[in-house]
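2 protein chains.
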Amino acid sequence: MAAAWHSTLDFMLSTKADGETILKGLQSIFQEQGMAEPVDTGFANLRIYSHRLELLDLQSYDGDAQGKEEIDSLLNKGEERIKELSQDSSWQMRQLPPIVPGGAIHRYWPTADGLLVEYNIDEVVYDEDSPYQNIKILHSKQFGNILILSGNVNLAESDLTYTWAIMGSGKVCIGKDVLILGARDGGILCEIAELKLKMVTMIEIDEMVIDGCRKYMWKTCGDVQYCIPVLKRYFLRLIPHLSMKVLKQDGNSVNLTEALSLYEEQLGCLYCPLEFSKEIVCVSSYLELWVFYTVWKKAKPRRQISSNPVCCK
Amino acid sequence: MAAAWHSTLDFMLSTKADGETILKGLQSIFQEQGMAEPVDTGFANLRIYSHRLELLDLQSYDGDAQGKEEIDSLLNKGEERIKELSQDSSWQMRQLPPIVPGGAIHRYWPTADGLLVEYNIDEVVYDEDSPYQNIKILHSKQFGNILILSGNVNLAESDLTYTWAIMGSGKVCIGKDVLILGARDGGILCEIAELKLKMVTMIEIDEMVIDGCRKYMWKTCGDVQYCIPVLKRYFLRLIPHLSMKVLKQDGNSVNLTEALSLYEEQLGCLYCPLEFSKEIVCVSSYLELWVFYTVWKKAKPRRQISSNPVCCK
Numbered sequence: 001m002a003a004a005w006h007s008t009l010d011f012m013l014s015t016k017a018d019g020e021t022i023l024k025g026l027q028s029i030f031q032e033q034g035m036a037e038p039v040d041t042g043f044a045n046l047r048i049y050s051h052r053l054e055l056l057d058l059q060s061y062d063g064d065a066q067g068k069e070e071i072d073s074l075l076n077k078g079e080e081r082i083k084e085l086s087q088d089s090s091w092q093m094r095q096l097p098p099i100v101p102g103g104a105i106h107r108y109w110p111t112a113d114g115l116l117v118e119y120n121i122d123e124v125v126y127d128e129d130s131p132y133q134n135i136k137i138l139h140s141k142q143f144g145n146i147l148i149l150s151g152n153v154n155l156a157e158s159d160l161t162y163t164w165a166i167m168g169s170g171k172v173c174i175g176k177d178v179l180i181l182g183a184r185d186g187g188i189l190c191e192i193a194e195l196k197l198k199m200v201t202m203i204e205i206d207e208m209v210i211d212g213c214r215k216y217m218w219k220t221c222g223d224v225q226y227c228i229p230v231l232k233r234y235f236l237r238l239i240p241h242l243s244m245k246v247l248k249q250d251g252n253s254v255n256l257t258e259a260l261s262l263y264e265e266q267l268g269c270l271y272c273p274l275e276f277s278k279e280i281v282c283v284s285s286y287l288e289l290w291v292f293y294t295v296w297k298k299a300k301p302r303r304q305i306s307s308n309p310v311c312c313k
Numbered sequence: 001m002a003a004a005w006h007s008t009l010d011f012m013l014s015t016k017a018d019g020e021t022i023l024k025g026l027q028s029i030f031q032e033q034g035m036a037e038p039v040d041t042g043f044a045n046l047r048i049y050s051h052r053l054e055l056l057d058l059q060s061y062d063g064d065a066q067g068k069e070e071i072d073s074l075l076n077k078g079e080e081r082i083k084e085l086s087q088d089s090s091w092q093m094r095q096l097p098p099i100v101p102g103g104a105i106h107r108y109w110p111t112a113d114g115l116l117v118e119y120n121i122d123e124v125v126y127d128e129d130s131p132y133q134n135i136k137i138l139h140s141k142q143f144g145n146i147l148i149l150s151g152n153v154n155l156a157e158s159d160l161t162y163t164w165a166i167m168g169s170g171k172v173c174i175g176k177d178v179l180i181l182g183a184r185d186g187g188i189l190c191e192i193a194e195l196k197l198k199m200v201t202m203i204e205i206d207e208m209v210i211d212g213c214r215k216y217m218w219k220t221c222g223d224v225q226y227c228i229p230v231l232k233r234y235f236l237r238l239i240p241h242l243s244m245k246v247l248k249q250d251g252n253s254v255n256l257t258e259a260l261s262l263y264e265e266q267l268g269c270l271y272c273p274l275e276f277s278k279e280i281v282c283v284s285s286y287l288e289l290w291v292f293y294t295v296w297k298k299a300k301p302r303r304q305i306s307s308n309p310v311c312c313k
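Taken in sequence, the protein lines are chains A and B.
UniProt numbering puts the first residue of the first sequence at 1, with every later residue one more than the last.
UniProt numbering puts the first residue of the second sequence at 1, with every later residue one more than the last.
Check before you lean on any hint, since a few could be wrong.
Any copy, or any two copies together, can satisfy a pair, since identical chains are not distinguished.
Claimed, not checked - Dumping the calculated PhoX-like pairs for lysine-lysine here, alpha-carbon to alpha-carbon at most 25 Å: (1) K278 <-> K219; (2) K141 <-> K278; (3) K176 <-> K141; (4) K77 <-> K171; (5) K77 <-> K278; (6) K171 <-> K141; (7) K196 <-> K215; (8) K278 <-> K176; (9) K297 <-> K196.
Bear in mind the hints are in silico, worked out from the structure with no lab data behind them.
If we strip away everything but chain A, and leave its shape as in the complex, we get (with noise of 0.2 Å):
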């Protein structure tokens, strides 16, 4: 499968520095290396911007067996001739790790709020398309299988505070009847089964990422069996409409800190009237802070002007 290492190297000109030199003296390293074209040819930009950023990228298809070693030489060469060229040791020079665009595994997957990641994927354990949504279990050597639901990374096997958090820590649950909305990989179903519950029910609706997890993703969800939706059986279906409403489609990220804030409003506005606490856990494979709201009815509601439910705009 093709793949390409992508290297960039930015650094600054001092204002001795003259960019006219610095060119020239990486032109006899491409040159060298058998690149008629050193500026703008196929595998290796330079340019000079008027606030005198520099921009060098290389790029290598993995096809070439040595592609990434010479990237890597071609990179260090650069470096030390742009040091010796200006002549000021004040200057930035600063190389980011390869960026490998395409492959069979793709290895970049980003944070809610939109920041590039990296994670080290080395296989692709399951890729289906459901009625509903695309399904991949990936496994990376961090995290281990990670379940990603078109596009957006949902949980891995190291994810425990994850399904922690979003169970209150169980402290809420003992002796109460539990509704799971949305199983996805069962791990909440297969903690919550420990505790000492009176009846749990668990919902979701694509089949076939609970038959997905059940094979691969048996570290968090144990032996779950799934059931048929029944949501509109409960009494809870005004909360999720609101939150799917209110909250953006990328998650609670800590940094959402707008759409936060709208759930917390939107919550003020049921038709009951509620109180939460709220939990902030890094979840390992997210990559992220993420806050998790526990909500209770108030034990003593307040009196109310009118029965109805009441939203605001």
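With chain A held as given, fit chain B onto it using these hints.
Positioned in the frame of chain A, the structure of chain B alone reads:
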């Protein structure tokens, strides 16, 4: 301060699709933007590799007021055009978040094992060179202030999990003399001071680290005092020596399996028999799982053949 936007769109051509047609189709988009040379201009590169992987790179200098918007618009137009021109719905197209090299605030701090990750840094709080290292404290929307020593992320205000894991959750400290080697932000001292201890000695070679942290990392370090290095007075010097010898400079990420095995092997070779336990936690600002060791002398040492230290090769 200069910065540049660099976005990458990569896609796989289906076997039916014609690279030449797609190239011509894109050409008109670039021409509409006033780019006379659509292939390999300073701003747009389209590469078609022999295995049909294509890469479209766009760059814009952020001195252009509308640079980023133009890039986004161009990428979207390119994506639409490629969809129209490729006569197969099975192609894959991936647009990475834009890479923003340069700029006063560097957003990319690779993980211990070299994965590319972007932080939402919005302020350089402190940036000084001490006699030992470069010390940066950067503010991140997600993790609060982050201490970065010579380019390596050390600790953020969100990283209480790190501090507690390195303290063995405080369990092993009670009633003991405690020596903290490498105080850094003072977070361990701040937390450990709450426990019932006999005596705590904190050692940090670099006064400027403590000074910077006292001003800008007070959420972790509280009101710590610093002391003069007294490392040589302590019998423990062999352990840090060996630790430094066997652990990679980059740290104890769960991925560095070889370094961790080597560390455990070396622990077995110290002059007295040891036991250890391991805890794996997600250190939020590291975007990684890390392994923390608790090491203790065996209560009843095995009979030794020689009283001299024995070390494995």
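Evaluated hints:
Taking identical chains as interchangeable, the C-alpha atoms of K278 and K219 lie at most 25 Å apart only when they sit on different chains, with a minimum of 20 Å there against 27 Å within one chain. For the homomeric pair K141 and K278, the shortest alpha-carbon distance between copies (18 Å) is at most 25 Å, but the shortest distance inside one copy (31 Å) is not. Proximity of K176 to K141 under the C-alpha cut-off of 25 Å is found in neither arrangement, the shortest distances being 38 Å within a copy and 38 Å between copies. In the homo-oligomer, the alpha carbons of K77 and K171 never lie at most 25 Å apart, since the shortest distance is 59 Å inside one protomer and 51 Å across protomers.
In this assembly of identical chains, K77 and K278 lie within 25 Å of each other by CA distance neither inside one copy nor across copies; the values are 52 Å within and 42 Å between. For the homomeric pair K171 and K141, neither the shortest alpha-carbon distance inside one copy (33 Å) nor that between copies (30 Å) is at most 25 Å. For the identical chains of this complex, K196 and K215 are neighbours neither inside a copy (27 Å) nor across copies (48 Å), given an alpha-carbon limit of 25 Å. In this assembly of identical chains, K278 and K176 lie within 25 Å of each other by CA distance solely inside one copy; the values are 21 Å within and 36 Å between copies.
For the homomeric pair K297 and K196, the shortest alpha-carbon distance inside one copy (22 Å) is at most 25 Å, but the shortest distance between copies (41 Å) is not.
When held up to the earlier numbered hints, the structure conflicts with 3, 4, 5, 6, 7 and fits the remainder.
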